[in-house]
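Asker: One-letter residues, chain by chain:
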Amino acid sequence: MSESSRHPMTGNEMSYYAEGGIERHQYDVVVVGAGGAGLRAAIAAHEAGASTAIVCKSLLGKAHTVMAEGGIAAAMGNRWPEDNWEVHFRDTMRGGKMLNHWRMAQLHAQEAPERVMELEDWGALFDRTEDGLISQRDFGGHKYARLAHVGDRTGLEMIRTLQQRAVQIGIDVFMECTVTELLQSPGADGADVIAGVFGYWRETGRFVTIESPAVILATGGIGKSFKVTSNSWEYTGDGHALALRAGASLINMEFVQFHPTGMVWPPSVKGLLVTESVRGDGGVLKNSEGERFMFDYIPEFFKAETADTVEEADAWYEDKKNNRRPPELLPRDEVARAINSEIKAGRGSPHGGIYLDIASRRDADFIRKRLPSMYHQFKELADVDITQEPMEIGPTCHYVMGGIEVDPDTELSSVTGLYAVGECSGGMHGSNRLGGNSLSDLLVFGRRAGESAAAYVAGLAQRPAVSEESVRAGGWSALAPFQAEGGDNPYTIQQELQQAMNDLVGIIRTASELEDALVRIEELKERAKGMTVEGHRQYNPGWHLALDLRNMLLVSESIAKAALARQESRGGHTRDDFPKTSPEWGTRNLVVRLDEHGTGVTLQEQPLPEMPAELKKYFEGA
Amino acid sequence: MGYDLKMRVWRGDESGGELADYTVEVSEGEVVLDALHRLQATQTGDLAIRWNCKAGKCGSCSAEINGRPRLLCMTRLSDFEPTETITVTPMRTFPVIRDLVTDVSFNYRKARQLPGVQLGPRDADGKRRMAQIDVERGQEFRKCIECFLCQDVCHVVRDHEDNKEAFAGPRFFLRYAELDMHPLDTHDRRELAQGAAGLGLCNITKCCTEVCPEGIHITDNAIIPMKERVVDKKYDPLVWLGNKIGIRNKDANGRTEV
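Each protein sequence line maps, in turn, to chains A and B. Read in order, the letters of the first sequence correspond to residues 1 to 622 in our numbering. Read in order, the letters of the second sequence correspond to residues 1001 to 1258 in our numbering.
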């Protein structure tokens, strides 16, 4: 084999001289993505006896999960004994405006507490209650204080714990390796099944094929298609696009969450997340007139459980039993829309945001203790001391509720052997995700996917074969950007796409703008065919972006098409021309699939799965 | 508010390279990573940079700025005079892959050599109990974002390639200390820390603490207490005698040596 084995960590040979010039490996289960979902899935698959590999675009431990701040929602009842899965289930469904897949919301609420306890078994050090139990904090849309947390760096604790667990049990990790194709072969019934993945090492630009009957996509979100986003460069919708191209369907793609509080200044950090915990711990939103404007934006749906006076809202922090929650802690879609309206009405801050004030409400020690990362982030990046002055914030693209359509119990997509978990899967959060429900989603469904993928492989009589043609095709396709000359620079196309999505498919949408967006996306798709990259294949970010852009364009088209079709406003989808929530649309999902040319997507309606009667009772009289 | 920034950026690969001169337009509030990204988008599409979150949370964009190990995303241009040339080079302790990207697999190898946490059974009600004050010691160390700047600056390995085999470095002393201070862990890793990880090679010059972007007191709170705990064990006459006659394999806290 080779003299250049370069990944001692994984024990994988990076042989440049293997047959056909393409390195090959074999595993039972390949997990694409090493955030919380991917790591939890890999641990479960490994523990179920499957030989398992993780393939990730970045170094291990750098995935977007590290950015999660607030906590993991789980009805453990450590602060409120009256909390249980039923209450969590109800909060989740109501937060998603009843468009969630009821079964996913149910499993999530039931299993989250044990998944959190497992993290503690594996070394996580959560903040404690006075009794020494895992502490739980308040967050928007959750009836009880329910988020297990570590200051405001819960995501870091979670990814480090899972990473250390994965290393401890000896799972192979292909770091800085990007999957560009899912390999398939005809199955017993004629339909294509998963046979492996094809990708390249960022470090060398060399190709690698991993044969594997089961692939779990855990690639995260799509935020990098928007200009103002809290997401990192990795969030280019790879899993969404890979699944589409393999024949799977995406659901709920019109629902994109704009987090109410992102930084707005300085420009270089515009969009960077400011955790919801600031509000959970007492921070309030004010406009340029100093008014706590959220009281003007309490929707009918949440009136019964939201304080309508400043006195009651403030009293809630001390006495939660006898007061209703402050309107600042409404679900994210409500707060983001309210902020957007205030800015549009001319009551914004100097840099085009509004004010988030905790300085005048809590003492400096409390703020530094509860929100250390936020204190650090504003101090270092904006010269703002959040213990002394208010923060300027505005909505930022944060999360996509939509994703790969999966079976709730097994996370299997419509393609045999292809599973999806975490942000790249859809259904769990309906039209809007509650804060804290993402980290628990990763754990609950990560474990389920790992176990079901391992079981599927264990039951196979024969493994699907990877054809040489499909491997060669993967190589040609990946190298195309080097062949073209005189075309656009990928950075230019990315910037134009981000601007178009931000301006035309953003927080408030209308038919004409969405139509315009689709025209522009088509133009960009054409130009992307002739993109040119300079340099060679070794660690070449221009080339990497050119490949990621294909995914971004396909996913952006899916979002714009679904957003145009849904003629109502609900959760993370607000239509200026259809401002009301419509009961008819409340029973329908929108599903996209790859079109017959393989270059775009088609859209279909399908009925929302109906909740069984024993769960419907939780919503009676609500 | 914008101005033209002069930059020198190391370009090259394992076979060698050199500093290249660039001028790039920058504006108010930007960080060094913004300037490099603009270079990438407008002049040098293939400039290799490792980065992810651009918020000081993931620890990917470690490099040396004017010779000092720092995160590219947390180094503000306003820390420099507009007329000053900013020089950016890859971390010196690790082999270069290309441009500013280095091969940090040393760290992942060391992580694999470290036995993970091993807790005893949960309490009868299925929960675990720890006091906030007891978890806080470990929590400080778990703030580590694995940027490996402490590893980069540590002179034990920075200028002594041959020490790498026997020395895990400050990042992993932090991890040993964290596990040693975990209220419920059942393993005693002090022999390993001293032996396999090379804790004794550290002569507490505190360079690691100085460059830590998370402000973790690596030397004072992790390395020095860890050194003391190793010494405690070595010179505890009861432990010594127990080991000698082979009747004792647990320490005073009931932990088993691994």
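Take the hints with a grain of salt, since some may be wrong.
Said to hold, decoys possible - The following label-pair restraints were derived from C-beta to C-beta distances: (1) P1225/B <-> E82/A: 39 to 47 Å; (2) D363/A <-> E1028/B: 47 to 55 Å; (3) G170/A <-> K1250/B: 22 to 30 Å; (4) D363/A <-> Q1132/B: 34 to 42 Å; (5) S341/A <-> I1204/B: 51 to 59 Å; (6) E1014/B <-> R472/A: 51 to 59 Å; (7) A1131/B <-> K580/A: 48 to 56 Å; (8) E1028/B <-> E318/A: 37 to 45 Å; (9) D1162/B <-> E468/A: 41 to 49 Å; (10) D365/A <-> D1021/B: 33 to 41 Å; (11) G1002/B <-> E47/A: 17 to 25 Å; (12) D363/A <-> P1225/B: 49 to 57 Å.
Bear in mind the hints are in silico, worked out from the structure with no lab data behind them. It should be emphasised that the depicted structure is a prediction, and the values quoted were computed from it without experimental measurement. Cβ coordinates follow ideal geometry from the N, Cα and C atoms, glycine included.
Asker: If I claimed the Cβ atoms of A1131/B and K580/A lie 48 to 56 Å apart, would that claim hold in this structure?
Answerer: At roughly 52 Å between Cβ atoms, K580/A and A1131/B fall inside 48 to 56 Å, so the hint holds.
Asker: Cβ-Cβ distance between G170/A and K1250/B: within 22 to 30 Å?
Answerer: With Cβ atoms ~27 Å apart, the hint holds.
Asker: Take the C-beta atom of D1162/B and the C-beta atom of E468/A, compute their distance, and say whether it sits inside 41 to 49 Å.
Answerer: With a Cβ separation near 45 Å, D1162/B and E468/A satisfy 41 to 49 Å, so the hint holds.
Asker: Has the hinted range 47 to 55 Å been met by the Cβ atoms of D363/A and E1028/B?
Answerer: At roughly 32 Å between Cβ atoms, E1028/B and D363/A fall outside 47 to 55 Å, so the hint is violated.
Asker: Taking the CB of G1002/B and the CB of E47/A, does the distance hold inside 17 to 25 Å?
Answerer: Hint violated: Cβ distance 54 Å, outside 17 to 25 Å.
Asker: Taking the CB of D365/A and the CB of D1021/B, does the distance hold inside 33 to 41 Å?
Answerer: violated, 48 Å
Asker: Can the suggested window of 39 to 47 Å be confirmed for the beta-carbon pair P1225/B and E82/A?
Answerer: Holds: the Cβ-Cβ distance is about 42 Å, inside 39 to 47 Å.
Asker: Does the Cβ pair S341/A, I1204/B satisfy 51 to 59 Å?
Answerer: Given range 51 to 59 Å: holds, Cβ gap about 57 Å.
Asker: Between D363/A and Q1132/B, does the C-beta distance stay in 34 to 42 Å?
Answerer: Since the Cβ atoms of D363/A and Q1132/B sit about 19 Å apart, the hinted range of 34 to 42 Å is violated.
Asker: Using the beta carbons of E1028/B and E318/A, state whether their distance is inside 37 to 45 Å or not.
Answerer: The hint (37 to 45 Å, Cβ to Cβ) holds, given that E1028/B and E318/A are roughly 42 Å apart.
Asker: Verify the CB-CB distance for E1014/B and R472/A against the hinted window 51 to 59 Å.
Answerer: Violated - the Cβ-Cβ distance for E1014/B and R472/A, about 29 Å, lies outside 51 to 59 Å.
Asker: Could you tell me whether the CB distance from D363/A to P1225/B stays inside 49 to 57 Å?
Answerer: violated, 31 Å
Of the numbered hints given earlier, the model fails hints 2, 4, 6, 10, 11 and 12; all others are met.
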